[in-house]
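Enquirer: Under this note's numbering, the residues of the sequence shown are numbered 93 to 255, in order.
In case anyone wonders, no lab produced these hints; they're calculated from the structure. Idealized CB from N, CA, C, for every residue including glycine. Any given hint might turn out to be false.
With a cut-off of at most 20 Å between alpha-carbon atoms, the simulated EDC-like pairs for lysine to aspartate or glutamate come out as follows [as the list claims (entries may be wrong)]:
{"#": "1", "residue 1": "K123", "residue 2": "E165"}
{"#": "2", "residue 1": "K125", "residue 2": "E112"}
{"#": "3", "residue 1": "K233", "residue 2": "D195"}
{"#": "4", "residue 1": "K203", "residue 2": "E165"}
{"#": "5", "residue 1": "K111", "residue 2": "D157"}
{"#": "6", "residue 1": "K233", "residue 2": "E180"}
{"#": "7", "residue 1": "K188", "residue 2": "D157"}
{"#": "8", "residue 1": "K169", "residue 2": "D230"}
{"#": "9", "residue 1": "K253", "residue 2": "D230"}
{"#": "10", "residue 1": "K203", "residue 2": "E234"}
{"#": "11", "residue 1": "K226", "residue 2": "E180"}
{"#": "12", "residue 1": "K132", "residue 2": "D195"}
Now the in silico label distances, taken between C-beta atoms and shown as ranges [said to hold, decoys possible]:
{"#": "13", "residue 1": "V139", "residue 2": "E168", "range": "22 to 28 Å"}
{"#": "14", "residue 1": "I255", "residue 2": "K188", "range": "27 to 33 Å"}
{"#": "15", "residue 1": "E168", "residue 2": "L235", "range": "26 to 32 Å"}
{"#": "16", "residue 1": "K233", "residue 2": "H159", "range": "25 to 31 Å"}
{"#": "17", "residue 1": "G204", "residue 2": "T119", "range": "30 to 36 Å"}
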Amino acid sequence: MEKNNNTNKNDDSNIINLKERLNTIETIYDKSKFIINLFKLLSQLTVSPILKYDDVLSIVNNFNDNHYIYFYENFEKVPIGIITLLIEQKLIHGGKCVGHIEDLVVDNNYKGKRIASQLINHCIKIAEEKNCYKIILDCKKELIPFYNKNDFIQQGVCMRKEI
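Construct the entire structure; sequences and hints are all you get.
Expert: Following this line, the structure appears as structure tokens:
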């Protein structure tokens, strides 16, 4: 079977809102299959123990209206890319918002097909609709050239404290 090679920058047909998908899966088999595939993908980013479907659904349904997770699916309806967009309301910049991109990962078998760029562009479009004046993200040094190709510039330093 051939993998979905749709790389049209403006085509969002393969990009799905996670909350909407989770609330429409009906059978136990489909729920289990989706969760396994979702966490298989997330584990390529960081430590991601599999959660129960109902726990994932509860977490996602408790997101506020400014918390979005989108995934890119292949022709078999398997998530092969995922991204989180958080919208933060600010008092500065005339009360505009800032978009935060988090947890972007594309399945290793699908790298180089512009899936990450399509997910980023989708989030940029949403951020523009939500009155954001910028989008920010943190990344590893080796990913700076990728984000530069997607019109991000390196600015400042990321700081972190484990708690």
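Enquirer: Output the indices of the hints that this structure fails to meet, ascending.
Expert: 6, 8
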